[in-house]
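Mind docking chain A on chain X? Use the hints.
Line by line, the protein sequences give chains X and A.
Here the working numbering runs 173 ahead of the position in the first sequence, where the first position is 1.
Here the working numbering runs 173 ahead of the position in the second sequence, where the first position is 1.
Hints may be right or wrong, so weigh each one.
35 Å max Cα-Cα, derived DSBU-like pairs, lysine-lysine [said to hold, decoys possible]: (1) X:K532 <-> X:K553; (2) A:K204 <-> A:K469; (3) X:K190 <-> A:K425; (4) X:K204 <-> A:K425; (5) X:K200 <-> A:K246; (6) X:K190 <-> X:K553; (7) A:K246 <-> X:K175; (8) X:K200 <-> A:K425; (9) X:K469 <-> X:K204; (10) A:K469 <-> A:K553.
It is worth saying that the hints were derived from the structure and are not from the lab.
Protein chains: 2
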Amino acid sequence: MKFSSKIQRCGLSPIRKFYPYQVECQKKGIKIYHLNIGQPDIKTPESYFETVRNFSAPVLEYAPSPGIPVTIKKVEDYYRSIGMQIDPGDVVITAGGSEAITFSMEVILDDGDEILIPEPFYPNYKTFIYNTGADIVAIPTTAEEGYHYADLDRLEAAVTPNTRAIMFTNPGNPTGVVLTADERRLIADFAKKHDLWIIADEVYREFTYNGEALATMGTMEDIWDRLIIIDSVSKRFSACGARVGSVVCKNKEFQAEFMKLLQARLSVPTLDQLASASLYDVDPQYFKDVNEEYKKRRDTVYSELMKIPGIVCKEPQGAFYMMVKMPVDDSEKFLIWLLTEFNDNNETVMYAPAGGFYKTPGAGIDEMRIAYILNCDDLKRAIQLLGMGIAKYNAR
Amino acid sequence: MKFSSKIQRCGLSPIRKFYPYQVECQKKGIKIYHLNIGQPDIKTPESYFETVRNFSAPVLEYAPSPGIPVTIKKVEDYYRSIGMQIDPGDVVITAGGSEAITFSMEVILDDGDEILIPEPFYPNYKTFIYNTGADIVAIPTTAEEGYHYADLDRLEAAVTPNTRAIMFTNPGNPTGVVLTADERRLIADFAKKHDLWIIADEVYREFTYNGEALATMGTMEDIWDRLIIIDSVSKRFSACGARVGSVVCKNKEFQAEFMKLLQARLSVPTLDQLASASLYDVDPQYFKDVNEEYKKRRDTVYSELMKIPGIVCKEPQGAFYMMVKMPVDDSEKFLIWLLTEFNDNNETVMYAPAGGFYKTPGAGIDEMRIAYILNCDDLKRAIQLLGMGIAKYNAR
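Here chain X stands alone, though its shape is the one from the complex (with noise of 0.2 Å):
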């Protein structure tokens, strides 16, 4: 039978296709430190179980398709506090972040465009961009530059005729990067002049761990006709099992051909909406709390790795993941290695290695990615782990 020619252009999640290795090495009895999965530890504020728990009535009926009107007040009135000003239509919910970029490209993507994104990038953009026909244009980064993209050359180099938009990851997955005000500025200047649509991936927006307030892209007024804001409850509300997302973009258009796609799909699911309203009026203690443990994280994390012969990172600035370059020749193998070859005192550690980040063949193939989200003393026993296998893996 025939397949399309668009999906066998995807391919399955570059950090799932190890899972068989650690299942092999979890036989043997060996503990792995899992610095390889994105589900953050953080506990799920009551009052999303509190409002499902409360649901009363008799027939579970479909929601409106733009999303039910008490969550899409939250969210506005959440854009509203952080600053940018928000009327009726600007925001609709949409099944998790994932929804919300799929059905975004398919709006303005062609066969044949093109979008700008700075690598390392999270994967999953390849489906959603691939499965429109469009193409990927890989913005360049570096290790030893600490993976900074906002950078007009490079930008500029990057375009061509074909290309519609460019999109990012705010703070960055995997990077860590957070772009300064500035380098928003920059962002929206650049695509200005190339009337590029911005895609903006401000799902990690709350993680930021040097004192920065709270930005959006979505305050600098002379964009909001190119500009398409990609949020979610799933990390800001360690909340990724109620998929439940949101897209702000104040072009009528735009949302006018969105919402035929809401209505193709119906709804997203009726409980989860309403739980997710609720978490929106969590105490802001919460996030307080939670920033200083992600900083305490990041910290550990950091500076563990610093003490590593041959290591090249720089401190990232938010979300809770960070890009690191190994002195090692082939960071998959590497992997495999220690899920196969080494132990310390039955113990072993697991990273997502970075080529599935990139889109340049070859690109990062010795550079990981890890996700702090265990507690410190675990990330510091992963981090030694980590630094006596890269020390045994090369005396081989």
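Chain A only, in chain X's frame:
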């Protein structure tokens, strides 16, 4: 800003576009009998809400991309119970039947490909298919023949070198047509002859009213390599707001390609999946009661319709919809007239004009879709209002 050519081929929901007239009508204090909505009024089994209330994990985590094992197992066992052999990996869980169809189309259809669908059909199929760059070729039917489509000459006439698949809803939305065993065999043989994928949207499987056994295309072993079954808990358990569906397909290559899309969108909501699993344990009496109720409604609607001069329709056999040809010039104009000019004792009626259910321009102009999801008294009154309306409209 530029939009994709594909999204511009898609339209808004043809059912929802009369909503502004409804609002204006209600403002005048007129009661509307809704025959236009597919949202069942049947109570969702209590086990759904119990499962949700009993969830006690502290973190609402992502579920596995292909579905939570217990949910997959319930669907597998259900298919075994209706006579289909199921192996591991044949069933995956999707965000409703909508995602099941969307992803299936993305896996099998390329730009320029064609898919055969009997018309009238579920309007959202257009959006799912146009977004792949493929086109729909309609298999024509008539009200006079009760919208039956399993006719070899008609199927053969629609095939071109670009035909890749045939898709149908069985039992049918919007027609209520139920395929016989011979007709299912005919379609299977036709698909084999032309090497086509078969997409069998069987979400209304339980809703048949003439004593048919539960049927699926999946019991024909010789089409397992080409058969994609679409399913959902929405109608079966009156749980539309759960957005939990599934794809059943025994073609391993298909499942491997499908997995790319499942992984990219991460997961279906955790609570809804767990709760949906519990629905499959519902007492068989539930279906008996529900079907008895729908059968009564079907009989009420049909017998009342038969009293209206000039109406053309056959008794529908399944789902909870029927298509009706009316003695009016234009079913859209007539609906607007019913909502703006007509009332009897401050009551009027609303249906779905059939134009949006057709691919062929101008087809179905004097037809409507009725969803019989009201109680029998209300249905009787609704059809009587329709009859009064037709008489008065034509006498203007």
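*So which of those numbered hints doesn't the model satisfy?*
Those not satisfied: there are none.
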